[in-house]
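Bring the two chains, given one by one in their own frames, into a single complex with the hints.
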Amino acid sequence: MDVIPESQQLDLRSDPIPPAPEPPSSFHRSFLRRVFREDRFFLILSVFIGVFSGLSVVCFRYAIDLCRMYFLGSEITAPALRLMLVPSLTGLVIAVLVLHVFPLARGSGVNQTKAALYIYNGYIPFRTAIGKFITAALAIGSGQSLGPEDPSLQIGAGLASALGRRLRLSRDRMRLIAPVGAAAGLAAAFNAPISAVLFVIEEVIGRWSAGILGSVVLSAVSSVVITRWFLGSESLFRIPQVELTHPWELLAYAVLGVAGGLASLVFAGGIAVLRPKLKAMPRWTQYFQPALAGLIIGGIAALGAPQIMGAGYSFMDEAIRGQFTWQFLGILAGLKILSTILSFTSGTPGGMFAPTLFIGAMLGAFIAGLEHLLVPHLAVSTATYALVGMGVLFAGFLRAPMTSVFMVLEVSGNYSIILPVIVANTVAYVISRAFWKTPIFDLLTRQDGLELPSMEEQREQSILRVEDAMRPFSGAVLDASLTIAQASQQTKGFTTDYALVHTTTAGWNLVKVAQLASWVAEGKSDLTLHSLLPLRSLPYLHPDHPLEVALRYVDRWPIVPVVNRANFSQIEGIVSKQDVLARYQELAETD
Amino acid sequence: MANPSVNDSQLSWYSAREPLIIMALSAGAIAFFFAVLALSQFFESHQSARADEYFQQGTLDLRNHHPDLAVNRFHAALAYSRDSYSIQLSLAQALLALNRTEEALQYLTNLWQREPENGMVNFELARIYAQKGDAAQALRYYHDAIYAIWDQDQDSIRRSARLELINFLLARQLHGQAESELIALESNLPQDPELITEVGGLFMQVPDYERALTLFVRSLKLKHQNPDALAGAGHAAFELGQYKTSEHYLKSAMAANPSDSASAQLLETARLVMQIDPYNMRLSASQRSVNVKDAVQTAAARLSECIANKPAASSGMAGLQELNSHLSQLQPKLRRSAVDSDTVDEAMGLVFDIEQQTKELCGPPTDKDLALLLISREQEGN
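As they're listed, the protein sequences go chains A and B.
For the record, in the first sequence the residue sitting at position 326 is 326 according to the numbering used here, with numbers rising by one throughout.
Each number in the numbering used here corresponds to the 1-based position in the second sequence with 591 added.
It should be emphasised that the hints constitute simulated quantities derived from the structure, not laboratory data.
Simulated coverage check for chain A against chain B, where a stretch passes if three residues somewhere in it have a Cβ under 8 angstroms from a Cβ of chain B:
1. 55–64
2. 317–323
Dumping the calculated SDA-like pairs for lysine to any residue here, alpha-carbon to alpha-carbon at most 20 angstroms:
3. B:Lys842 / B:Met865
4. B:Lys723 / A:Leu378
5. B:Lys723 / B:Thr700
6. B:Lys950 / B:Ile898
7. A:Lys277 / A:Thr345
8. B:Lys723 / A:His377
Where a beta carbon is used, it is the ideal one built from N, C-alpha and C, also for glycine.
For reference, chain B alone in the conformation it holds in the complex (with noise of 0.2 angstroms):
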């Protein structure tokens, strides 16, 4: 069209200047552009300053535990950076320390939409789930938590967030799967010995005593007095049937918490255990005869008892009475001074089933009928 030929003298007005107007409106174009460019970059960086200062004062709310203050902050904030991620972000933080969990979630649900590898979001999304009691999603939520981008810090906040993912496994009584987080968790700890020690304390929740165990004295060797540690290593050795260890640990828990009655007990009853227990290998023949004959007496009484308080017709009572008729049948063999092997191992053999019946019908045991039936255990495991 440079050199509009005779014929285009018919074509319109705007055909024989085609080029020229397409040159003229795109240059109007760009110049109507850059002009809103210009304004919108004023407009902006006004709502954005507006924003910023909301947003401060929301989060120093929040920092002050005002969520209720935060709540209103973060909305104003958000009037003017309606897309602001942050913002939604705090808001919904906000929104949850105030309960009002719903409104986080739809906020966090926006938010896992544009950035599903959020660690925060998914984090606050698995606790909401979490608290909803929606396993499947929690589980789901806190997995991409823990595999989450974070900006800081990202080995800590992993850790806490697969070790709220293990209490609520546990809470759920998935001990499982918790168990599987937890071997994840062991093969990443740092040398901070609280921290083993509370995730030696979950290992004896699942229970895995064995490395409960090994994290505890992992743990002690990095601080030697730590009453928690000393503790649950002297519990865990205790379940292991692991009585001298229990004892020298639970010693020292003792020792460095004295109040700690549950360690106290235990004591107590480890030393009980390998006190009156028959199969002790150190023990001499007229000591084993006499744990031997201590046990039944024990046993009888605990079996007299329980047959005294249960009602006749009662179910399991025929089985009671029959154990009764054993326990009568031996007691011949037991007036003997020496009692010989066979012997023991019958007598023994009745006491654990003494105590294993009447544990059943008549409640949990304590004191020397408690260390029979872990001693039978123990044999049972043997």
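With the rest of the complex left out, here is chain A (with noise of 0.2 angstroms):
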């Protein structure tokens, strides 16, 4: 065994995985200052795609708006006529576009992200974001039930997958490029960076590090300070501060969590079932279904429900100011989930953020009717229902928990909302969760024939752990104080090959039963293990180190001790490669 100088043993209070000094070299001069060249100018180029994405998300508004107001005119609501015309002609010019100009434009912008990410080294093409700009905006000018936030991420991560490619970014950071520009695209649109932060980490990217989250980061609050310019700072909805005279009334909220949850399946039904049987039918048709669907939209606003059309953040306002009675509000709730499902199946392009909020704002504040009714003297503010249902949905239907919390807090801006979002989310989340097993982004990949992680399931996957393969160990357990006669004497009885050896100054080590018995005969008894033994110390592990961890060992020492991380001379058990092979193979029969 090779003699390693004590400077260098392990300490038994660090890290059990010793760093590995390399010798400086010119090239890896090179290299750590290429590195961090590039990732101060990654944090640069994330301010820029933050500001070009915020601005390019101010002209789509502005597109949105323009394309509303000279589609169907600048009154509150427009003839019956032009409300069915306006959107079926124009599904016609839409589905044009897709099927001929902007093929991508159509499908999730979520999913496009997440794609360029894992499949495609960043690469979104530039056409895409301009196609997603102009499909989305004369889609939802004209009334279709979609919404612009989905769109503003694309067109985000677009412009900085371009930006990245003209850059000749390494691929690590190109792959990293779409997930930023994302975040800076949703921060514009909802005005809100910690929602969008939250969201792409949690949806897109699933994984937290200093590098990414700095990135992403600068990338939003930057797209949101240009956003703020041109939109103002005004929250998106105002509501007055929420006071919970008694925590039962927290029951009630939960209420609207359990119908958000059986919203959403509906929701996420609808979808899973209409759209892969449109996308099967003849090419022809789909040059049809946008319009077809316009036309149904057209046809309920014309009968009563011009609410139901575009994006609909003033009538969510409407509704939170409690200006339509509970059971319009209901209806309103149920038909934006048929116009969503019809639009969004359809090949239309635009989001489901907006869409999903309306449904959870009219659903909300349709509860607080409802409840107000069969419970008079139960406190419900209909605002503060509106808006728990809003973030209700979006933890139902969009699957992200956390950043439905945030995104009430941030379009409100009022924090005394917070219990009742959590327990009404929470609830959603988990009806949800039990009786739909697929989030609706990773359901829509799956559908476009990609496979791509889901974070919800990485979220859920099991992690093995050290102490799912490890055993006790039966042999002796010496000091290193002791001689070569007393441990020798000390391993008779133990039928394992191997004893470990404690030792005061460099942690465990590990000497074979028959190498005893040869310094016996080569006549050092009376030396002690201390002295014979080599100084490199036995790496060691912790129970709940991830199994993965023993691997860089197991393969190098026939053995490895577990211990305790309060007492370091405690063994709890020991591993070694047949455990650790063991462990994950019954793991893949189980699979």
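Shown next as structure tokens:
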């Protein structure tokens, strides 16, 4: 065994994996310098991505408003014929554009960003961003029941990707640049930087690291600064302070969570069933699908529910202000689910964030009206329920529980609502997960024939730990101060080949029982184990370490001790290569 | 990086050109920013023109008492200028006109959060909470409205707000707080006889008759023939027991407004009080005796009537019987032509007791009985 100088021995209180210092070379200096420069440059670039995305989203919002104004007129409600003709005729134009000019504009921006990250090395054609801008502005402006957030996200991601390619970023950076742009686009669309950052981390990237977080935050913040410059810094919705007079009131919000969870199931189920059927229809029908969806939506609007057209933010505001009867709110929630399913599954470009919020707001206000009717003494605020409802649908339908909580806080600028939001969102999320295994974004990906990592599945995945593979140590545990004779004596009666040796200076060591006998034969019985054993210490593990950490050592050492975190001299067990492999094999057989 | 060294050849493409790239990106961002700014200005002006158009129409509708139409116009205006403070305020006012209080409250609360110092928003919120009967909130918003910044006619609007607050407090029987507000209002009243009379009337409700009389007199100095001020002054003087002054003002009030029946009745009572008061210093001894005897006779009649109308077992009857007994004992002393001062006091004491107890047991007195009761109060005060 090699003897390693004491200065390089493992400190028992430090990480069990000793760092491996490498001799500095000119290549490494250059490499480190390059990485450092790229890191710094990537952060600066994130700010520019945020600025460009913010400006693009502002233009996109203006485009939607102008389309709406010119297509549907400047009155509050357009004549019935116009309500029906505009979305259907615009649907025809959109279909031609999507089928012949911008084929990738169809579909979810979130999934395309994820695909760029995991499959295409950060590549999103710039043409797709332009296509999304034009087609989504036409669709939302003409009254299709879709929202501007998902297209904004994709515009941001597309811009960032184009910029990254132009600047010849490394492959690692290129992979990350699309999510950075996506965060900027989403933050600008919602005027909510925290939610955008969380959503991108929660649903697109799926992992936290300082480098990613820094870039995503910088891009989101800079895009929101730009958006607020042009569109104002007011919260999307304003509600009065929420005061819970009694903890039991949270139960009433849990009821909203249940309703939201069930509505999410209907919404997701509708898309899951209808989308593949419409996609499977002959290609020529795809020219007419957006038009037909537009005609049905226009018809519903003409019959008395124009609120379902477009993103519907102003009507969410009206619901919050209690301007609709509770019966009409329920009808609006149902009709919006129907119209959004039609718009989205017909292949019309546009997002589902705003419709989700709309359905949630209407459902929340509806539940408030219903609870007020059934339990008149309950202090029910329509505004609060509408806002909590938005979060509930976000958690239940989009399955982004963390984002849903922060999104509600950010769009209302009201922290007092947090308890009801957490309770209701959790209930909705749990119900949705229990009855619908695949989150909507994963479902859409699989329908499109892609297999992207599911963030929810990753979160839920059970991790094998060292404690799952370790076994008790049945050999002798010796102290390094023992003489060889004493040690040899203590190993008698044990059947194992190895004994573990505990040294006060170097932690744990390993000695073969046969080696002890050999030292006795050589006349070294009076020498101590400490004097004969190499100073290099044995690596050790803790029971909670991921099992993959053990793989780094089990190949080089016959057994690796697993020690208690609080008392390093206490052996919890050992692992060997066979133990680790057997555990993995067992897991594979179970799956 | 201006002079890249040989080692820099190993750096990546962008690293070697970093300053140039940053400059190019900055230039691009600035150009894009100004392009969007131009677009934004075009868009904003278009939106603003639309919003203005609807806002003007809505304002006109509201002025012409068509709040339903106004609400639609203001909603349309808000679609083009979502954050407009004035449109939201007008919409809230139109909703209030339609009694859609809760919706109006939402808008006003939002506006208050944006500008807590806005007078009109505080004023409207105060009115809503006053209507809801929430005295604490109403008081808070009325005060905020009073001390808020108003763009024009600040003093007049502040006075209106305080007057509304006073009326609200009086309606809630919060007389102490109302008096404090009235004193604050009085200190800053303009030379407007109508307003001064109105405030005098409010002091009457508190009641603070001295301040009320002062204000009515002040109003009359500005406008001599103001029937309300004359009647108010007469009433205030009456309540203060200044019957001569009261008679003076009430006579003038009657002259200015002959149909003022309340003043006529008050004048009659004031005259009666002065006429039958045995403590009037100007009376001769014989006339005082006559007045005392007359007073005893009036009280005796009132007592008899009260006893006759009350069931024998009713509460207080024992007291009335006792008074009747005292009255019988007093009668011999009153048969003399000149009544001495001790008898005057004894007789009038009994009369006052009778009038007060019969008032409590048999309802409010009228005519001479009322006059005697007023004299008794005056004497108690002295």
